[in-house]
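**Q** Please put together the full structure from these sequences, using the hints given.
Just so we're aligned: the sequence shown equals residues 523 to 695 in my numbering.
If you are wondering where the hints come from, they were derived from the structure by calculation, not from laboratory data. Any given hint could turn out to be false.
[Unchecked claim] Label pairs and their in silico Cβ distance ranges:
# : residue 1 : residue 2 : range
1 : 693       : 626       : 38 to 44 angstroms
2 : 622       : 693       : 39 to 45 angstroms
3 : 629       : 553       : 35 to 41 angstroms
4 : 664       : 623       : 20 to 26 angstroms
5 : 623       : 647       : 18 to 24 angstroms
Please read these numbers as outputs of a predicted model, since none were measured by experiment. The beta-carbon is built from N, C-alpha and C at its ideal position, and this holds for glycine as well.
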Amino acid sequence: MKYSRLYSILFQIICLLFLSTVSFASDASKRLLAPDFVLKDIDGTSHKLAHYRGRPVILNFWASWCVECLEEMPSLEALYKGFHERGLMVLGISIDRDPAKIRSVLNKINVSYPVLMEPSGEVFIDSYAVTKLPTTIFIDKEGYIVLTISGGENLNSKKIRAYIEGLILREVP
523 MKYSRLYSIL
533 FQIICLLFLS
543 TVSFASDASK
553 RLLAPDFVLK
563 DIDGTSHKLA
573 HYRGRPVILN
583 FWASWCVECL
593 EEMPSLEALY
603 KGFHERGLMV
613 LGISIDRDPA
623 KIRSVLNKIN
633 VSYPVLMEPS
643 GEVFIDSYAV
653 TKLPTTIFID
663 KEGYIVLTIS
673 GGENLNSKKI
683 RAYIEGLILR
693 EVP
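**A** Okay, here's the thing in structure tokens:
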């Protein structure tokens with residue numbers, strides 16, 4: 523009985539922290555515009571973040587040597603397959619220098635969303651201040667960062683799917 527009350531209180535605190543993070547990000551006066559970038563995918567095609575304005579975007583920073591990154595990728599692929607037709611764009615951003623390593627991972631995990639190469643650290647560290655892998659950044663249709671998740675996570679959870687649903691349905695002023 524004592525433990526169930528403790529778990530209940532702990533769960534409420536976690537929910538409150540999550541909701542405060544989301545509400546903080548949605549406050550128009552405090553929102554941060556996602557820094558634009560141009561990166562190439564493993565086939566050499568350039569992708570500019572601003573090109574996807576008007577659609578919600580998920581950026582997922584990862585590396586081939588990061589176990590949590592690789593474990594998280596199937597849930598990200600499920601989100602891409604489930605919401606891409608409705609406008610969601612997912613961009614994987616690998617910090618690996620060797621395109622062959624990236625391609626090997628993508629073939630093993632069967633990833634279909636675009637994966638960009640960012641070995642310089644300019645976008646990874648300088649623009650987005652990513653300090654841990656994997657890091658997943660949610661960007662709304664207007665180009666504002668609305669949620670950041672650091673560390674491995676089941677991105678295909680009901681909570682995240684509902685959040686993405688809200689991003690897709692939200693009208694752009």
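**Q** Are the hints correct? Go through all of them and say.
**A** Each hint, compared with the structure:
1. In this structure the supplied range 38 to 44 angstroms holds for residue 693 paired with residue 626, their Cβ-Cβ distance being about 42 angstroms.
2. As the Cβ distance of residue 622 to residue 693 is approximately 43 angstroms, the hint placing it in 39 to 45 angstroms holds.
3. Restraint check, residue 629 to residue 553: a C-beta distance of roughly 38 angstroms satisfies the suggested window 35 to 41 angstroms.
4. Remark: the range hint 20 to 26 angstroms for residue 664 to residue 623 is contradicted by a beta-carbon distance near 35 angstroms.
5. Separated by about 20 angstroms at the C-beta atoms, residue 623 and residue 647 satisfy the suggested range of 18 to 24 angstroms.
Violated hint for the displayed structure: number 4, the only one.
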